[in-house]
Amino acid sequence: MNFDYEIIVVGGGHAGIEAAHISAFKGHKTALITINKKNIGDMPCNPAIGGTSKGVIVREIDALGGLMGVMADRSHFQIKMLNNSKGPAVRSLRCQADKVTYPKNMQEYLDKMPNLDVIEGMVEDLIINDNKVEGVILEDGKKITSKEVILTTGTYLKANILVGSENNPGGPHGERRSNHLSDNLAKNGITIQRLKTGTPQRIKASSIDFSKMQEEFGDERIWTFSHDYPATYKPSEQERCYLIYTNKNTHELILNNLDKSAMYGGYVTGVGPRYCPSIEDKLVRFKDKERHQLFLEPESLYYDDWYLQGFSTSMPRDIQDKMVHSLEGLENAVITKYAYAIEYDAIDPLQIKPSLENKVIENLFTAGQINGTSGYEEAAGQGIIAGINASLKLEDKEPLILKRSDAYIGVLIDDLVTKGTHEPYRMLTSRAEFRLVLRHDNADLRLREYAHEVGSISEEQYNNYLNRKNKIEECSNYLKDTKLKITSEVRKVFEDNNMVVPVITESFYDLLKRPEITLDFLSKFARIPYDDDIKEELEIITKYEGYIKKMNKEIEKFKKLEDKKIPEDIDYSKVGNLASEARQKLEKVRPVSIAQATRISGVNPSDISILSVYLKKEYGKDNE
Amino acid sequence: MNDTIAAISTNNIGVGAINIVRVSGEDAISIVEKIFSNKNFSSAESHTIHYGFIKDGNNVVDEVLVMLMRAPKTYTMEDVVEINCHGGYATTNKILELLLSNGARLAEPGEFTKKAYLNGRINLMEAEGVEDLIEAKTDLQSKMALNSLNGETTKLISNLREKMAQLLSNIEVNIDYPEYQDELQITKSNIRPVLSDIKIELDRIIKESENGILIKNGINIAIVGRPNVGKSSLLNTLIEEDKAIVTDISGTTRDIVEGQINYKGIVFNFIDTAGIRETSDVVEAIGVKKSIEEMNKADITILVLNSNEKLTKEDKELLESIKDKKAIIFLNKNDLDKNIDLDNINKPIIIGSTRNNVGINELKEEIIKEFNLIDMGSKDLTYLSNARQISLAKVALKDIKHVIEENDNDIPVDMLAIDIREAWENLGKVIGKYYEDELVDNIFARFCLGK
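Those protein sequences? They're chains P and F, same order as listed.
Take 1 as the starting number for the first sequence in the working numbering and just add one per residue.
Take 625 as the starting number for the second sequence in the working numbering and just add one per residue.
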């Protein structure tokens, strides 16, 4: 059979972009089908990329050869490192990305991408033969064939937009929704669930009184998400954001009108995310709290809408007007876009393999909100993995499955395919048990070898990583070789800085282990000829050596369990003595390893021991 | 896993009037059917009792009652058959042999309970409780074992974990939502008191649990002293004085335990200090070195001295050797003139006479006092009751102590969270519970966050 394409990606959001880009980069003839080319790379919700743990995901995407980091670097007007005052494991970048520049840069880049065709169209069905997908069918009946299909449909499946009691079928940005694709997936055995998310108001800049608000600045230090390209902005030219609070009047207004909210009026059936609650949710759940924090963030330098973070609601428009006007500085605010909730169809992620290929339909991959996640970064992280694995499948190679100890993306996908989700899933640092090794600063050290192996980065990108790795090694040796003799001058410097004077001559490396000593301080005694990022790496490695060693031990234990593979053809009905709930869950999830099995809720340690004994008996020593 | 196991479930073979042989597994009923005369048995309803004879070929082995219990409502959740036969070693063993030759496998110690656990009827903690209950020798022991079974211990540990989870979720919220100035900022000084509370509570649980272990296993007591000070008469007085002599000395302790008594619900094991049963050959007296070895096996030492005589070189050496140990001095022979001179002794001294039965009760009380077990009988005995649980709790305690230290060293809270989390996980393992999502749920239940 002759296929039109090797890979078709349906949807031009953050997941679709990464999937299509990596597939084309790897030399596969790729089509990206989207309803409207102009909306590729669109940011329909908050004007930010990154954030706690999400910023690390962006760096991971970049390490794997993705676009999000580079494009964010070229499109933001403010960037800062979150948690800079805390430990290294939890630092994460966030930028305010321009909602005009980001999609524009993205579209221009994709336009020039070899092997990639961007096609406008609404996909309403799949071509499926023998449980294998062989292409897509557009709403006009036109068929486009391909060996693999990646669905990244975001919130567009049977989407409803809700404002108060108004319920309008349609996707974000006034785009049409897909009416039939999710039904057609269901017909082929895929379980569909209904999810909900929301977005707050946009306010006209000229109607805001900023003088009453607290300013929020970007960092003075220069940062980039990208591992390969230098920054293109000046720290002094960054835009500001603002912090405000709700007050008594706001609360009264909302509580008196709860019955009009789509959420509380019972108009929404989808399950919303707990971490992204509407303001009415927050008030009902936390009655005693006198005020709630809100942020005003500019959406773009090219139009004057400001995004009112924290004020997401499904109240009718007249109430929203009053709510916004009750806020300090927004007394005369003009709402350019009202807050709304959106309901959409997603699939049950328990039907996906860790490679992101579907278990029911072969050669079908999914990524992003269709898998039950939320957030641009979570979507892009899955997108690049789906793109890589669809390509690897074409190349007849093993899929790239990142472990929980490799990357946040690994945690994300493992959580999805092991535990499933009934609300949009957001990444949190607390979800990553090995977060101390999953840092923003070592994403390249963790992932570029994998990327090189699967061919998702250029030689140049690989060399950038090797250079940095060598530099870190060199710097480490340099610090070990450089000794600090305790002369009277040295003594004085320590004393002047209220620090304990070392008793004997010690290497810089050993001195750096002390909590209070930084490389910046040590450079008072000798020049340390390395870049900031190299020095940062060394400070982390030395200061937290004990913790890192401890975590590495944990990882070793974890990997041993990961290596206990469960054969794909295992028949759980033949494993005697399993508790019936465990049997059902194992049957549904079909974990690839004992480690994954232990993470399934409802599968108890006793079930794991029974399973281990069975594997040993049936499949011999390899599975011990 | 699926095979059928059999074992004699009653203890003291040859002593009681009735013994029970238990069979569990898929083939339990069909195996028994082969050796049982009652032919209605295998088709009978579950949870019924059947009369008949166990036969070896044509020979009748015993007249029995057989209980039939079909899966899943049985101890192991498998088919279980219990044969009530007449006591007597030969008969009971013959029945077991017949079962084994007809396809059952001899059960390993604790295997019925293990099956109950593996088949999901009881959790790990309960399984351990069952083991303890079976081995319980005194009321206190069985009370403790029952507590473990009904989840009292679980509650205690859960409360502690809840405190840790709250601390962790506070830290996590600060990490995941750094821009939320409204939430309590976690600092070095505001987590210190919480950590120290957790440490104290955990410390208490471990200490009391170790006492619990003493209740469970008994206190091992070494009686030492040079020859002729009255060690053996002290032992005899202690043992004979108490009518509740524990005669059933199990397995490994048999070799080293010379006698047991049950005093106020606590078992005293007098360990066999070489030479305590002094033979006529008094010349072959035990050396100090040998005594020290024995003290090391014991939880507490009773050093017997003769008040009638001045301290000898050997006495002094023994006094020196108990310096850093838990020990009580028993000053014997107070019915005779006092010639002994004891200075600077930091151990409790009980003055008495084995001949006149003086000071014996005081000695027992002192032992109880040394282990803070005085009100044990009236206390709620909700403790970790085995070594696995205690060692996990100790690891958790070590983690918490480390956290406190590191907190004082200005290590950032997100690093501290690693050890707090480990402690929280270890306590989770104690009660057989450890879900990753617990923490995430906690965060969302307690904080108001989000865009």
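I should point out that these hints are in silico values taken from the structure, not numbers from a laboratory.
Cβ coordinates follow ideal geometry from the N, Cα and C atoms, glycine included.
Honestly, I wouldn't trust all of these hints.
Stated by the list, open to error - Ranges between beta-carbon positions, derived for each pair:
| id | chain 1 | residue 1 | chain 2 | residue 2 | range |
| --- | --- | --- | --- | --- | --- |
| 1 | P | 129 | F | 627 | 29 to 37 Å |
| 2 | F | 787 | P | 249 | 51 to 59 Å |
| 3 | F | 787 | P | 165 | 51 to 59 Å |
| 4 | F | 627 | P | 565 | 48 to 56 Å |
| 5 | F | 888 | P | 504 | 34 to 42 Å |
| 6 | P | 504 | F | 972 | 47 to 55 Å |
As the list claims (entries may be wrong) - Quick partial rundown of chain F residues pointing at chain P, CB under 10 Å, derived from the structure:
| id | residue |
| --- | --- |
| 7 | 701 |
| 8 | 702 |
| 9 | 799 |
| 10 | 1039 |
That 51 to 59 Å hint for residue 787 (chain F) and residue 165 (chain P) (C-beta), does it hold up? Violated, at about 45 Å.
Quick one: are residue 627 (chain F) and residue 565 (chain P) within 48 to 56 Å, going by C-beta? With a Cβ separation near 27 Å, residue 627 (chain F) and residue 565 (chain P) fall outside 48 to 56 Å, so the hint is violated.
Against chain P, run the beta carbon of residue 1039 (chain F) and see if the smallest gap drops under 10 Å. holds, 5 Å
Have a go at the residue 799 (chain F) hint: is there a Cβ in chain P nearer than 10 Å to its own Cβ? holds, 5 Å
Hint validation: residue 701 (chain F) versus chain P, beta carbon distance must be below 10 Å. Holds or violated? holds, 8 Å
Mind checking the hinted window 29 to 37 Å against the Cβ distance between residue 129 (chain P) and residue 627 (chain F)? Violated - the Cβ-Cβ distance for residue 129 (chain P) and residue 627 (chain F), about 47 Å, lies outside 29 to 37 Å.
I want to verify a distance hint. Is the separation of the beta carbons of residue 504 (chain P) and residue 972 (chain F) within 47 to 55 Å? Distance hint for residue 504 (chain P), residue 972 (chain F) holds at roughly 49 Å.
Measuring from the C-beta of residue 702 (chain F) to each C-beta in chain P, is the shortest one below 10 Å? holds, 9 Å
CB of residue 787 (chain F) to CB of residue 249 (chain P), is that within 51 to 59 Å? violated, 38 Å
Given a hinted range of 34 to 42 Å, is it respected by the beta-carbon distance of residue 888 (chain F) and residue 504 (chain P)? Once the Cβ atoms are compared, 59 Å apart, the range 34 to 42 Å for residue 504 (chain P) and residue 888 (chain F) is violated.
Violated hints, listed in ascending order, are 1, 2, 3, 4, 5; each of the other numbered hints is respected by the structure.
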